[in-house]
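J.: Here is how the chains run, residue by residue.
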Amino acid sequence: MYYDVIMAGFGGQGIQTISQIVALAAIRRGLNVTFLPSYGVEKRGGRTNVTLVIADEEIGSMVTNHPRCVIAMDTIAVDKYRDQVARKGLLIANTSLVPESMLDRNDITPLALKCNDEALALGSVKLSNMIALGAFLQKTKILGFDDVEAVMDEVTPERLKHTIPANLEAIRRGMEIAGNGTV
Amino acid sequence: MTEKKLTKGNIALAEGAIQAGCRYYFGYPITPQNDIPEYLARNLPKCGGTFIPAESEIASINMVMGASASGKRAMTSSSGPGISLMQEGISYLAGSEMPAVIVNIMRCGPGLGGIAPTQGDYNQAVHGGGHGDYRNIVLAPGSVQEMFDLTIKAFELADKYRNPTMIIADAMIGQFQEPCRLVPEKPVEFPEKPWALTGRRGREPRLLKSLYLGDYEQEEHNLLLKQKYDEIQEKEVMVEMQRLDDAELIIIAFGTPARVAKTAISMAREEGLKVGLIRPITLFPFPTKQIYEHSKKAGKLLVVEMNTGQMVRDVRIAAHRDASISFYGRPGGGFPFPDDVLAEIKKALDGGPR
Chain R
1 MYYDVIMAGF GGQGIQTISQ IVALAAIRRG LNVTFLPSYG VEKRGGRTNV
51 TLVIADEEIG SMVTNHPRCV IAMDTIAVDK YRDQVARKGL LIANTSLVPE
101 SMLDRNDITP LALKCNDEAL ALGSVKLSNM IALGAFLQKT KILGFDDVEA
151 VMDEVTPERL KHTIPANLEA IRRGMEIAGN GTV
Chain V
1001 MTEKKLTKGN IALAEGAIQA GCRYYFGYPI TPQNDIPEYL ARNLPKCGGT
1051 FIPAESEIAS INMVMGASAS GKRAMTSSSG PGISLMQEGI SYLAGSEMPA
1101 VIVNIMRCGP GLGGIAPTQG DYNQAVHGGG HGDYRNIVLA PGSVQEMFDL
1151 TIKAFELADK YRNPTMIIAD AMIGQFQEPC RLVPEKPVEF PEKPWALTGR
1201 RGREPRLLKS LYLGDYEQEE HNLLLKQKYD EIQEKEVMVE MQRLDDAELI
1251 IIAFGTPARV AKTAISMARE EGLKVGLIRP ITLFPFPTKQ IYEHSKKAGK
1301 LLVVEMNTGQ MVRDVRIAAH RDASISFYGR PGGGFPFPDD VLAEIKKALD
1351 GGPR
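Protein sequence lines correspond, in order, to chains R and V. Under this note's numbering, the first sequence has 161 at position 161, and the numbering climbs by one with no breaks. Under this note's numbering, the second sequence has 1159 at position 159, and the numbering climbs by one with no breaks.
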């Protein structure tokens, strides 16, 4: 098993958080993981992206320019990474912010997901990353809901522990939408 | 088995230093190594250590020298221009035969350059940097686990040979995260230090110096150092070798390019191309023998670096005279993707050296 994904958006959208969740859940499953965040001149609202590689064998490269999946939480992320998605790969795009017309590649599976709208419907736009995470779990099947649930406590800082149930609900919602093929 | 924790390269290195018994850290901030002092500022005092944010890199290395002279394990870390400022001190450490660990999480240059990953400081670390006829021991981690393990090894080697030891890593190795076992694989070694300046009461005075003005004194000293470097070359080479049995082409790379090469080699193997890897873990001592032996057999070498060609010179010296050597380099913050390396593999197999 070998899977690579790039998650990208702007600072504050929770890209680092969902990447951490996936990475930790994979480690718990006994898989190898590399987690490469963007680094450097960091500021609020700046660009953020993470390259994750998950495998049951030794991982060589921690960089990829043909990821099997891209989660793009805003327009700039789609613009930058859409053409990199491997053929037959998966592009999950937050179409609350991204025009659907941008998902115009016919050799990949685009998933238009109104992450912000779905999150708002659940009570907070801050849950939008969890909607995307749910869709990722549902579509890729490399990890299950239980794997993710098991690490939520570890990745959540003390002051945010009370948000875990809402986050889990948003993940379930993301899974549900992706499962129904609703776009 | 101990649980592995998702850990950033720089943090694994800093924790490795603490577990190696380093209790003195001196440094001045610079990206992309700031996680190291940040972690040590918080955690070194908790285990009775001393963290001093020095006024400059020149001060840092000289504080390291002071702590080292007293027999304590001491470290500094920096990047690019900061390491350049330390070169005089490193030369003094080498001349006075004092152990120290100096970490360079490389940023691109020359000059102030940029904060992107690079391997532009290979020559500086491996072939001097400071003045005089000396060698650093140089370790090149290729994973987060090695950032931890090799930091412990760096302190052991520095003490064993009374020699400055450098750890050089590109910023990708410093910044990325992997599962890491944050306990030493075996008990940490603490050699006796019968040379340390610990107060002369009840014993003969000791002297640490790098000044030799008498007739032939300096030459004698240099020859003794040479003997030590030869012993290090003989005994301490560390190298990872993969898929060499049937290899017709061997990639030689360290740090991030070696990681990328592993993926490229798997891709090449799927296409039936016989490619292997030699990854130097120690850059000094360099795996000269291994490269010679395997280049004789494979015939073709491809050196991949994140610079315009530095280690490739050492490969040329090491390789069998009949081996053809290609080079692929990405300088100044550029790095290779697996596809890029695969394309170079094909070129090297088809065309030979460029």
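Some clues are possibly wrong.
[Claimed, not checked] To give an idea of the interface, some chain R residues facing chain V are shown, with a C-beta separation under 8 Å as derived from the structure:
#, residue
1, 23
2, 36
3, 62
4, 151
5, 152
[To be verified] Cut-off 30 Å, straight-line C-alpha distance, at most; resulting in silico cross-link-like pairs (DSS-like, lysine-lysine):
#, chain 1, residue 1, chain 2, residue 2
6, V, 1046, V, 1072
7, R, 141, V, 1193
8, V, 1072, R, 139
9, V, 1160, V, 1346
10, R, 88, V, 1346
Just so you know, these hints were derived from the structure itself, not from any lab. All C-beta atoms in this analysis are idealised placements derived from N, C-alpha and C, irrespective of residue type, glycine included.
J.: Against this structure, judge whether each hint is valid.
T.: Verification of the hints:
1. 23: 6 Å, holds
2. 36: 4 Å, holds
3. 62: At about 5 Å, which falls below the 8 Å cut-off, the nearest Cβ of chain V leaves the hint on residue 62/R intact, so it holds.
4. 151: Status violated, d = 10 Å.
5. 152: 15 Å, violated
6. 1046/V to 1072/V: 17 Å, holds
7. 141/R to 1193/V: 57 Å, violated
8. 1072/V to 139/R: With a Cα-Cα distance of about 55 Å, the restraint between residue 1072/V and residue 139/R is violated, given a limit of 30 Å.
9. 1160/V to 1346/V: 44 Å, violated
10. 88/R to 1346/V: Since the Cα atoms of residue 88/R and residue 1346/V sit roughly 25 Å apart, the hinted pair holds (cutoff 30 Å).
In this structure, the earlier hints numbered 4, 5, 7, 8, 9 are contradicted, and the remaining ones agree with it.
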